[in-house]
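Novice: Each chain, letter by letter, is given below.
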Amino acid sequence: MSSYRIQGATGEWEVVIGLEVHAQIVSKAKLFSGASAEFGAEPNQNVSLVDAAMPGMLPVPNVECIRQAVKTGMALNAEINRWSRFDRKNYFYADLPQGYQISQLYHPLVGEGAITIDADERSGISEPKTIGIERLHVEQDAGKLMHDQHPTRSYVDLNRSGVALMEIVSRPDMRSPAEAGAYLRKLRSILRYVGSCDGNMEEGSMRADVNVSVRRPGMPFGTRTETKNVNSIRFVMAAIEGEANRQVDVLESGGTIVQETRLYDPDRNETRSMRSKEDAHDYRYFPDPDLLPLELSEDFVAACAAELPELPDAKRARYEGPLGVPAYNAAVITADVETARWFEALLEASGKTSPETAKAASNWLISDLFGALNRLGKDIADSPVSPGQGAELLALVADGTLSGTLAKQVFEIMIETGEDPGKIVEERGLKQTSDTGAIEAVIAEVMAANADKVADYRSGKDKLFGFFVGQTMKAMGGKANPGVVNELLKKALA
Amino acid sequence: MSVDAATVRKIASLARIAVADGDVEAMVPELNNILGWVEQLAEVDTDGVAPLAAVVTNHQRLRDDVVTDGGIRDAVLANAPQAEYGFFAVPKVIE
Amino acid sequence: MSITDLGIAAIRDGFRNGDFSAAEVADAFNAAVSSARALNAFIIETPDHARFAAEAADKARSAGSLLPLSGVPLGIKDLFCTAGYQTTAASGMLSGFVPTYESTVTARLFGAGAGMLGKLNLDQFAMGSSNETSAFGNVVSPWRRNDGGNAPLAPGGSSGGSSSAIAARIVPAATGTDTGGSIRQPAAFTGIAGIKPTYGRCSRFGIVAFASSLDQAGAMAQDVRDCAILLEAMAGFDPKDSTSLDIAVPAWERELSADLRGKKVGIPKEYRVDGMPEAVDALWSQGIQWLRDAGAEIVDVSLPHTRFALPTYYIIAPAEASSNLARYDGVRYGLRELPEGANLQDMYAATRAAGFGSEVRRRILIGTYVLSAGFYDAYYTKAQKVRALIARDFEQVFQDVDVLLTPTAPSAAFALGEKSADPLEMYLNDVFTVPASLAGLPAMSVPAGLDPQGLPLGLQIIGRPLDEQGVLDVGLAIEQRADFNARPQNWWVK
Chain A
1 MSSYRIQGAT GEWEVVIGLE VHAQIVSKAK LFSGASAEFG AEPNQNVSLV DAAMPGMLPV
61 PNVECIRQAV KTGMALNAEI NRWSRFDRKN YFYADLPQGY QISQLYHPLV GEGAITIDAD
121 ERSGISEPKT IGIERLHVEQ DAGKLMHDQH PTRSYVDLNR SGVALMEIVS RPDMRSPAEA
181 GAYLRKLRSI LRYVGSCDGN MEEGSMRADV NVSVRRPGMP FGTRTETKNV NSIRFVMAAI
241 EGEANRQVDV LESGGTIVQE TRLYDPDRNE TRSMRSKEDA HDYRYFPDPD LLPLELSEDF
301 VAACAAELPE LPDAKRARYE GPLGVPAYNA AVITADVETA RWFEALLEAS GKTSPETAKA
361 ASNWLISDLF GALNRLGKDI ADSPVSPGQG AELLALVADG TLSGTLAKQV FEIMIETGED
421 PGKIVEERGL KQTSDTGAIE AVIAEVMAAN ADKVADYRSG KDKLFGFFVG QTMKAMGGKA
481 NPGVVNELLK KALA
Chain B
1001 MSVDAATVRK IASLARIAVA DGDVEAMVPE LNNILGWVEQ LAEVDTDGVA PLAAVVTNHQ
1061 RLRDDVVTDG GIRDAVLANA PQAEYGFFAV PKVIE
Chain C
2001 MSITDLGIAA IRDGFRNGDF SAAEVADAFN AAVSSARALN AFIIETPDHA RFAAEAADKA
2061 RSAGSLLPLS GVPLGIKDLF CTAGYQTTAA SGMLSGFVPT YESTVTARLF GAGAGMLGKL
2121 NLDQFAMGSS NETSAFGNVV SPWRRNDGGN APLAPGGSSG GSSSAIAARI VPAATGTDTG
2181 GSIRQPAAFT GIAGIKPTYG RCSRFGIVAF ASSLDQAGAM AQDVRDCAIL LEAMAGFDPK
2241 DSTSLDIAVP AWERELSADL RGKKVGIPKE YRVDGMPEAV DALWSQGIQW LRDAGAEIVD
2301 VSLPHTRFAL PTYYIIAPAE ASSNLARYDG VRYGLRELPE GANLQDMYAA TRAAGFGSEV
2361 RRRILIGTYV LSAGFYDAYY TKAQKVRALI ARDFEQVFQD VDVLLTPTAP SAAFALGEKS
2421 ADPLEMYLND VFTVPASLAG LPAMSVPAGL DPQGLPLGLQ IIGRPLDEQG VLDVGLAIEQ
2481 RADFNARPQN WWVK
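In the order they appear, the protein sequences are chains A, B and C.
So for the first sequence, the numbering used here puts the first residue at 1; every next one is plus one.
So for the second sequence, the numbering used here puts the first residue at 1001; every next one is plus one.
So for the third sequence, the numbering used here puts the first residue at 2001; every next one is plus one.
Keep in mind that the hints were calculated from the coordinates and are not lab data.
Honestly, I wouldn't trust all of these hints.
As the list claims (entries may be wrong) - Derived EDC-like pairs: lysine to aspartate or glutamate, alpha-carbon spacing no greater than 16 angstroms straight-line: (1) C:Lys2419 x B:Glu1030; (2) B:Lys1010 x A:Asp95; (3) C:Lys2240 x B:Asp1069; (4) B:Lys1092 x C:Glu2340; (5) A:Lys144 x A:Asp95.
Given the sequences, and given the hints that come with them, work out the whole structure.
Specialist: What follows is the structure in structure tokens.
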């Protein structure tokens, strides 16, 4: 049970949220035409005559797009419908050359499924929660209209027209912005694991339509509004909060909620009504007579299942269990497929791993590596350090060659130069030393130079121990084995 | 079911065909004539009948994921009423 | 006998035999075309295309590399997109539109060595039964009533340009398309042969779409053998058309046989309609006798849902058309009407009002209405169910008989303007042809006799799915016994 409530003037309100996500399918060619689905081409270069809806053009579906949708459905634990059909959604807009979008209304490719979001105390999600999925269907994306280039003209680019989309519709099971955010993060992760969508919301390859309504706890659902094409998780959460509060204000001042389409304005942090979509669209859906029903053989479905990778939940359970990775680390690492891949390459480069090495590796990855990547503004796929190099560095710590501090130093140099840690240690003599004789000599010098403090320490000021550690390490250029320094200092200062 | 002038205007708007007011009036009986005639289908008992699939068994072919098309911008724009900088130009749309 | 009296087989064989050159044939027909403009059968004439193909044919003959239609020039209905040549669908909406691509059917024909004499006039967007809805003016039938009145007669529709041109011998044969009877009815009105194959036999790629689940390209020619030859060259699987049948094209010409021993011909009682002219009924009885002579057994059969075929068709066809014609919006090709101060949606409305003729607008509105919210189940879904019953009627009857014999049209050709007052009256012309369209069955019309006013009457043969051979064979048997050699008296060449 979510405890998220909006405190209105007349009492508490619960928020009911459903999400429709449009995810661009990763494929070489478009859904119904052989033009390239690649992003970023010059205007109208990735356009076939079918995409341009010339007279007499006809659609033929792309097998890879269907495969991707089926695999995604499987990853969502959903029903794969062996028989499905394409329908036309009819409306007029300049980014829709045919005057209809080929979609699937009556018989979608994928039926009911579910996603589990993790508990997250900080965001008020007290326990894992299952969010239902109503359906997943395949449809065409529209082209792009540009409005800012000319005072009286808009320009139409059809490159995106006809690219395959998966529309993933959730049940209205979410009850807080945090749950919605967690759902989107999990969904994006799953899509990237399957490889069916890159989940890049900023680039528009994943977009969310947000359905929001409010109600008194325990009462039936209220009227919902739809806020379209929100392109970041942060904005989705903000839009939900803003829209829910707006609805509460309307209802508490005696008004009613109009079922309508809205847009989220991030600059003003509010939703506003899309006046252009006034006449309640009558899309006149009917089965596309240019296409036959889609029938999947059992062989086809089995082949899709065989292509599925280990999915995030299963991977996390394996990391936590047999591998011995701490729960928090496992959750963080498996959240993204690229990170998990990198981590598994790191483990493999480490040879036979024990829970200790797995734990140390996971700690290093999420603090040191992530820290560096954040600083550099890079994704893990562009890491300046390779998994092999990471494994080598961790091995040098494990065998005592490097202290933790030295390892951090070496890591910085690895990032700058791209060189292997072993080479860096050799060339710069960064090995930590455990030479007791040398350390004792330095300790003696430090004590001699700070006789007063020695006396203070011996008379009870225990905190000064740190000072001596620091001075000793400094005098040894940071290369002394901290454990040995501690031991010898204790003896010397006793 | 029959249509009135308001319905004709609504359908014409959905179909994006401008109909002058005078013509709307004339279309009402014209369309009602045809609609009244097709309505006789209501007489047919279609309980348990599935809409027609196909006369000859045919299966939807799926094509391979290969780029076989595109890169033909000149052909795409060849018949455009107005094309500029590689785009189709239309009256400015305000969203 | 002049060259222009010859049909496909005679030209093909005479050319191969060395009786004349292909250039002579092209020149003869080009001259005939340009002298017969009073018929208004052509929208554009393409003498250079015919000449170029003839030159290639003459070379091929010398080199011994003849193609199936080398030396044969054809008329092409202006619904087939022809690369580099204007294609209008007889509409102001596509005036000036020059496709950069070729329809699959014309690509096959030109690839088989045929040349094109011009783009034949038709009812606008294939919607009509009299060729009176063309934006380029009516086509006039070369036939005149024997009452001396000289009233210009309709050549039938929508393939009125094709039928008129063949009857006047200005083309040896032509392509047509048939959605509800648009090949068969004009063939009957003008005393020529025309065949609509099984749905899916010919590719629809590159044919301006009217009603996707009904449209089929077909052959129109002087006689049954020519239809067989032409259809063989047109038909075949096309991967660019999802509704195309992946089956081999039989050797229809080679296998032609008028020996009907062992064949059963069904006579459906529901085709005897009230008010049917006596001449039509008499010819039907005569046809039955001819088939007995040819060895067939005659069986009375019933197709109980026949009377619902026309209203079913006039729900389904306009519905599909309303969606197929949505792409004509002034954005990417064709007409654009941009009134002062018009926005995008205004541009659509003005363009489509100006570009579409009244019958086209009427059908789009009907189609939009029957698909709209609240009416979809009552009209469209209901019609598709009745369609299934109509198809089932045929399926059951074909368990007992091999083909069906019916009249093609409920009357001979009427005068231009005689039936344009009431659209419904025009629709009734299709009463005998529409059922076979709805069921996707192969059907043809052969000229069988004249009515009291000296106008041609045709008989229709309907066959099982994929049994074009059976249909052609029965057609041949009728043709041989009918010995129809009436010709329209020249008035169109001064």
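Novice: Tell me the numbers of any earlier hints that the structure contravenes, in ascending order.
Specialist: Number 2 - this is the single hint that the structure violates.
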